[in-house]
Amino acid sequence: MNFPTLGQLAQRVGGEVQGLTSLPIHGVAALHKAGANDITFAADEKHLRLVSTSAAGACLLPRNYRGDKTAGITTNLVFVDDPQDACLTLAREFRPQQPPQTVGLSAAAHIAPTARIGQNTQIYPGVFIDEHVEIGDGCVLYPGVFVGHHSRIGNHCTLYPHVVLYPDVHVGNRVILHASAVLGADGFGYRFRNGRFDKIPQLGWVEVEDDCEIGASTTIDRGMLGPTIIGEGTKLDNLVMIGHNCELGKHNAFASQVGLAGSVTTGDYVRCAGQVGVADHVHLGRGCTLGAKAGIHKSIPDGDTQIGYPARPEQEQLKIVMATARLPEMRKTLRDLESRVEEIDSLIEQLTTQGSSS
Amino acid sequence: MNFPTLGQLAQRVGGEVQGLTSLPIHGVAALHKAGANDITFAADEKHLRLVSTSAAGACLLPRNYRGDKTAGITTNLVFVDDPQDACLTLAREFRPQQPPQTVGLSAAAHIAPTARIGQNTQIYPGVFIDEHVEIGDGCVLYPGVFVGHHSRIGNHCTLYPHVVLYPDVHVGNRVILHASAVLGADGFGYRFRNGRFDKIPQLGWVEVEDDCEIGASTTIDRGMLGPTIIGEGTKLDNLVMIGHNCELGKHNAFASQVGLAGSVTTGDYVRCAGQVGVADHVHLGRGCTLGAKAGIHKSIPDGDTQIGYPARPEQEQLKIVMATARLPEMRKTLRDLESRVEEIDSLIEQLTTQGSSS
Amino acid sequence: MNFPTLGQLAQRVGGEVQGLTSLPIHGVAALHKAGANDITFAADEKHLRLVSTSAAGACLLPRNYRGDKTAGITTNLVFVDDPQDACLTLAREFRPQQPPQTVGLSAAAHIAPTARIGQNTQIYPGVFIDEHVEIGDGCVLYPGVFVGHHSRIGNHCTLYPHVVLYPDVHVGNRVILHASAVLGADGFGYRFRNGRFDKIPQLGWVEVEDDCEIGASTTIDRGMLGPTIIGEGTKLDNLVMIGHNCELGKHNAFASQVGLAGSVTTGDYVRCAGQVGVADHVHLGRGCTLGAKAGIHKSIPDGDTQIGYPARPEQEQLKIVMATARLPEMRKTLRDLESRVEEIDSLIEQLTTQGSSS
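Residue numbers (the working numbering), protein chains in the order written: chain A, 1 to 358; chain B, 1001 to 1358; chain C, 2001 to 2358.
Just so you know, these hints were derived from the structure itself, not from any lab. Check before you lean on any hint, since a few could be wrong.
Covered by chain C, according to a simulated footprint, are these stretches of chain A (three or more residues, beta-carbon under 8 angstroms) [stated by the list, open to error]:
#1 121-127
#2 153-166
#3 178-184
Ranges of calculated distance between the beta carbons of each label pair, as one might list FRET restraints [to be verified]:
#4 A/MET322 x C/LYS2332: 18 to 24 angstroms
#5 B/LEU1050 x C/GLU2131: 57 to 63 angstroms
#6 B/LYS1298 x A/PRO201: 54 to 60 angstroms
#7 A/PRO201 x C/GLN2315: 48 to 54 angstroms
#8 A/LYS46 x B/SER1346: 25 to 31 angstroms
#9 A/GLY195 x C/THR2053: 32 to 38 angstroms
#10 B/THR1005 x C/ALA2112: 57 to 63 angstroms
#11 A/ALA55 x B/GLU1314: 54 to 60 angstroms
#12 C/SER2339 x B/ARG1066: 25 to 31 angstroms
#13 C/ALA2112 x A/ALA325: 38 to 44 angstroms
#14 C/ALA2112 x B/LYS1199: 55 to 61 angstroms
#15 B/ARG1191 x C/GLN2315: 49 to 55 angstroms
#16 A/ASN120 x C/GLN2101: 37 to 43 angstroms
#17 B/SER1346 x A/ALA325: 27 to 33 angstroms
Calculated lysine-lysine pairs in the DSSO-like style (CA-CA distance at most 30 angstroms, straight line) [stated by the list, open to error]:
#18 B/LYS1199 x C/LYS2332
#19 C/LYS2298 x A/LYS33
#20 B/LYS1332 x C/LYS2298
#21 B/LYS1046 x B/LYS1319
#22 C/LYS2199 x B/LYS1319
#23 B/LYS1319 x A/LYS332
#24 A/LYS319 x C/LYS2332
#25 B/LYS1199 x A/LYS298
#26 A/LYS332 x B/LYS1298
#27 A/LYS332 x C/LYS2046
#28 B/LYS1319 x A/LYS319
#29 C/LYS2319 x C/LYS2332
#30 A/LYS46 x C/LYS2199
Ideal placement from N, C-alpha and C gives every residue a C-beta, glycine not left out.
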């Protein structure tokens, strides 16, 4: 491989070099990982402080860091508008390139006669598309994708291997569904009668709005009646569970292993850290944030940050957690106090006796 | 579409209309979602109270609510024996219909010569059935289903796309396995020797009894020796983990993301809410209930309800949780008491000194 | 079936029989499950104590238990070097045998022209291998396995059905990937700008070193830049989540449903029990152990055992848990003390008044 120079790379991202433009660059790496021929980036002052001790050959920095802020730094620097963007642009140059494949509609896929497929959509071998499915333009359906009857997929969607859409799942535009995500399986609904669980038919559907991204092996159940909704721009990480008839607002972001029971609703801009659990019929208010492993049994007001299990407002919970850490000590203090009060009681009794006898 | 009238729909479910029989009905919806041409249902007094404020065109109610209980309600009503059942019956009429497909044994499936398949069983393209497999009558195996050698499936089972049965998995009758469920993977068993984990061969099997339903991406590991058992009528939600050699009783119901370590046993009618975790070799007694996120390290008596982490009987835990909320305040009270006792001590010393000096 | 005798079985594992060599053995079972014609094993004194009450026809024991330790036991015994190993050897004899299949490179698989496949590697129908993939010798890729372009797999690996390797995933030798494991999906990385989450391209890769075993439906995300690494000999159970740019040391063992956020690093020999959650950028020190459901927000020192949420050193946490159980009682004690101090205060006031009035 003929490696590009720092100067050449700087040119591609509109950057100004301070240092050795002739340095050959072998790759892109994170700040703490980069070696003598790697380029890295620092986007804020916290990371700027680590540049001097980094072994990186070169570092991309915000343009306004030129001057005093980088005075003592001997690392080769490249000043750009957006260091992270620039770094990712360069990273792409060092990746093994795979020309976009034009598999068209593979003969080894099953496409039902009543299905309609848009322009420039790639259907890989092993895909199964059932009757009355509609798929838009510019989509890619990787091997093993299953699309149940009457499902609809918009334009420019990517369905990674083994994604399953049960019947009547509606996916908007520019949606990314990662491998083995399952949309539209039956909700967990039973009636307990005569000592058995009778299945309640799950007759609803799923709607995933534009610009959503759904993680690997995440499951989104269909509604019992009506839809389960994932609002526009919402991002779900891997292994997330969304129960039947949940309705998520726009631009939510849920980290891995979050679980929502049935009929949970959320406002826009709700964020859940990993492994959060939410009970059924709860409402998570617009812009609220839930800390990792939080357990939610009651609705959360707009904008609130709650943590812990059972979840409480952050400051309140932190005070409780701190106090909890002192519990063994408090218990000891309490026992000491009890003894002292015992002693005091007997002293007072003595005094009282003395007083009355005197 | 030519919409049916309320009167026509009422007839189909044996209902008596109180109101406008000529109202055209466009669909079925939940009580809080239903519009002027939707029909909904209310099955109990709690939901009955919401009918007046609902925008629903019509509402199915229990027959014995006719009269006083519905006196002031102006919504069109239909009285039936079982409102939820009736509502679901009507919901089916409004769904896009997909005639049951007769794919037979698809030529694009792999069926080993020694496999035996019953009558009216549908094997979709992309299914793989290994040697010595037995499958009963009236089953449906969707694309991507894998059935390992010597596995057995009873009658009238549904295996959704990409369900994987490792070898020697035995599935009863009328079992539903949702997409990407994995039954029979190796249990997590190793011996730590010479600084490495040596794999313990997992030579057991899995038994799923009649009428079970297993959720999407749920995993049930095979036993090391002997079976892992899912008892008759048991329902597991999505993303549940059942470790090797677990033996679940009949009619258990586990919500999403529950995890059981190895060799857990359960009685009949055990219920776990979401994200419960159970340590290995624990027994969950018949009819016990575990609250969401409960962490179980010790066996649970029959009929007990436990919550929290570590789990405790519900009433006990609730008292602890309430007391915990008061901890910061208790800590302050404790410090105040300490100071007061200090003061009292010195007052008493004074008094004692006065007493002895007097 | 013609059952072997205890004597015949003992010979196969180099064991010495104490008891009835002619006993026909029908199968192998766990100690508490074994019947009159089953053989079982006990590897330590704890299990030895259960042998007498077991219904087992015969029991494998460590050779050095011959003599005093087994004096009163009437069960048929077989003394061997390693009872568990011997038992598993015998278990294999009773399993339905499946001769190793030689499917070769199935014509019903898709293998890209630029892919290179080693000797004796079995590629089942329905496998998809993309361009520039390299796979070593003696591997088995079951139906539905997807291998993205430029991915590499070493020798003697097993990829169970529907395993997905995105592009640029590197797997070492003797690695086992269970059904529906997903390696190399995009990390959960976004920049929040103008009210939307913009996707940060995930340009890194995944490295799984030699002798790892990855559970069913476990997901390991690719790095943003650089690799996500699973160190040699590390074992992950089912439904585990490993975030982007995590770097796991050698011989880690994580039980089911553990979740690591991005950029977590671990030393060698780290153990996590089920449902542990670890925040991003945390370091788990060499040889540390985390209890079930532990929530980790700060780095853990080498060799530490931590439990609970928030996690604390085990002994400290146990004290807190015990004290927590006493909280309602402590609260009562505290209130009692308050009243008593009130009383004391007024008594003292009386005394003081008396004192001054006297």
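Next item on the list: Go ahead and decide if the range 32 to 38 angstroms is satisfied by the Cβ distance of A/GLY195 to C/THR2053.
Entry: holds (34 angstroms)
Notebook entry, point to check: Are there three or more residues in the segment 153-166 of chain A whose C-beta lies within less than 8 angstroms of some C-beta in chain C?
Noted result: holds (count 3)
Notebook entry, point to check: Is 27 to 33 angstroms right for how far apart the beta carbons of B/SER1346 and A/ALA325 are?
Noted result: holds (31 angstroms)
Item checked: Distance restraint between A/LYS46 and C/LYS2199, which requires alpha-carbon spacing of 30 angstroms or less -> holds (23 angstroms)
Note to self: Taking 48 to 54 angstroms as the stated bounds, is the beta-carbon spacing between A/PRO201 and C/GLN2315 within them?
What the structure shows: holds (53 angstroms)
Next item on the list: For the range 18 to 24 angstroms, tell me whether the beta carbons of A/MET322 and C/LYS2332 fit it or not.
Entry: Between A/MET322 and C/LYS2332, where Cβ atoms are some 23 angstroms apart, the hint holds.
Note to self: Can you confirm whether the C-alpha distance between B/LYS1046 and B/LYS1319 stays at or below 30 angstroms?
What the structure shows: Distance of about 28 angstroms is within 30 angstroms: holds.
Notebook entry, point to check: At the C-beta level, are C/SER2339 and B/ARG1066 separated by a distance inside 25 to 31 angstroms?
Noted result: Cβ of C/SER2339 to Cβ of B/ARG1066: about 58 angstroms, so the range 25 to 31 angstroms is violated.
Next item on the list: Examine the segment 178-184 of chain A for residues whose CB is less than 8 angstroms from any CB of chain C, and state whether their number is three or more.
Entry: holds (count 3)
Next item on the list: Go check the segment 121-127 of chain A versus chain C for me, would you? Three or more residues, Cβ under 8 angstroms, otherwise it fails.
Entry: Per the Cβ count (3), the hint holds.
Next item on the list: For the pair we were handed, B/LYS1199 and C/LYS2332, check the Cα-Cα distance against 30 angstroms.
Entry: violated (53 angstroms)
Item checked: Pair hint B/LYS1319 and A/LYS319, alpha-carbon separation not exceeding 30 angstroms -> The given pair, whose Cα atoms are some 19 angstroms apart, holds under the 30 angstroms limit.
Comparing the model with each earlier hint shows violations of hints 6, 8, 12, 13, 14, 15, 18, 22, 25 and 27; every other hint is respected.
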